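**Q** Whole structure, please, built from the sequences with the hints as guidance.
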Amino acid sequence: MQVIWTEKATNDYLSNIEYLLRKWSQESASNFIDEVDSILELLIVNPDAFPKTDYLEIRKVVIRKQISLFYKIVDDNIYILRLWNTYQNPESISF
Numbered sequence: 415m416q417v418i419w420t421e422k423a424t425n426d427y428l429s430n431i432e433y434l435l436r437k438w439s440q441e442s443a444s445n446f447i448d449e450v451d452s453i454l455e456l457l458i459v460n461p462d463a464f465p466k467t468d469y470l471e472i473r474k475v476v477i478r479k480q481i482s483l484f485y486k487i488v489d490d491n492i493y494i495l496r497l498w499n500t501y502q503n504p505e506s507i508s509f
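Numbering-wise (the numbering used here), the sequence shown opens with residue 415 and increments by one.
Mixed in with the good hints, there may be bad ones.
To be verified - Under the rule of at most 25 Å between Cα atoms (straight-line distance), these lysine-lysine pairs were calculated in the BS3-like manner:
no., residue 1, residue 2
1, K422, K474
2, K466, K479
3, K422, K486
4, K437, K486
5, K474, K486
6, K437, K479
7, K422, K466
8, K466, K486
9, K422, K437
To be verified - Now the in silico label distances, taken between C-beta atoms and shown as ranges:
no., residue 1, residue 2, range
10, Q440, Y501, 34 to 40 Å
11, S452, N425, 18 to 24 Å
12, D490, W438, 17 to 23 Å
13, E449, N491, 17 to 23 Å
Hints in this document: simulated from the structure, not taken from any laboratory.
Quantities reported herein were computed from a predicted structural model and do not represent experimental measurements.
C-beta atoms are modelled at their ideal positions from N, C-alpha and C, and glycine is treated no differently.
**A** As structure tokens, this is what we get:
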């Protein structure tokens, strides 16, 4: 399996890191990066590990209470679609 990041997911990821660096600490940002890396490693081994959402064939991983990762499996690829802040309106999410 290959992990492919969409532009939106990449922007979400970088925004979250910038926020953690600005509002919290280098350690918080590093922990977040490590958490995402661990989830990606798990997805490569077991892409079906996390439940499907109400969105067609899209799965969700709760990284932290505030952040969920959405992904989709297509053939031998895992597409990282969004790293969504759960405090945002869920109806406004777009993939």
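**Q** Each hint: holds or not?
**A** Comparing the hints with the structure gives:
This hinted pair checks out: K422 and K474 have alpha carbons roughly 16 Å apart, not beyond 25 Å. For the hint linking K466 to K479, the alpha-carbon distance of about 18 Å falls within 25 Å, and the restraint holds. Taking the CA atoms of K422 and K486, the gap is near 14 Å; set against the 25 Å cutoff, the hint holds. Taking the CA atoms of K437 and K486, the gap is about 31 Å. The hint is violated against a cut of 25 Å.
Of the pairs offered as hints, the one joining K474 and K486 holds, with about 9 Å between alpha carbons and a cut-off of 25 Å not exceeded. Between K437 and K479, the direct Cα distance comes to roughly 17 Å. Compliance with the 25 Å bound is thereby established for this hinted pair. Straight-line distance between C-alpha atoms of K422 and K466 comes to about 20 Å, which keeps the hinted pair within the 25 Å bound. Distance hint between K466 and K486 is fulfilled; the C-alpha atoms sit about 9 Å from each other, no more than 25 Å.
A distance of roughly 22 Å separates the Cα atoms of K422 and K437; the hinted pair therefore holds under the 25 Å criterion. Taking the beta carbon of each, Q440 and Y501 are about 23 Å apart, not inside 34 to 40 Å as hinted. At roughly 21 Å, the beta carbons of S452 and N425 sit within the given window of 18 to 24 Å. D490 and W438 have their C-beta atoms about 36 Å apart, which leaves the hinted 17 to 23 Å range violated.
E449 and N491 have their C-beta atoms about 22 Å apart, which keeps the hinted 17 to 23 Å range intact.
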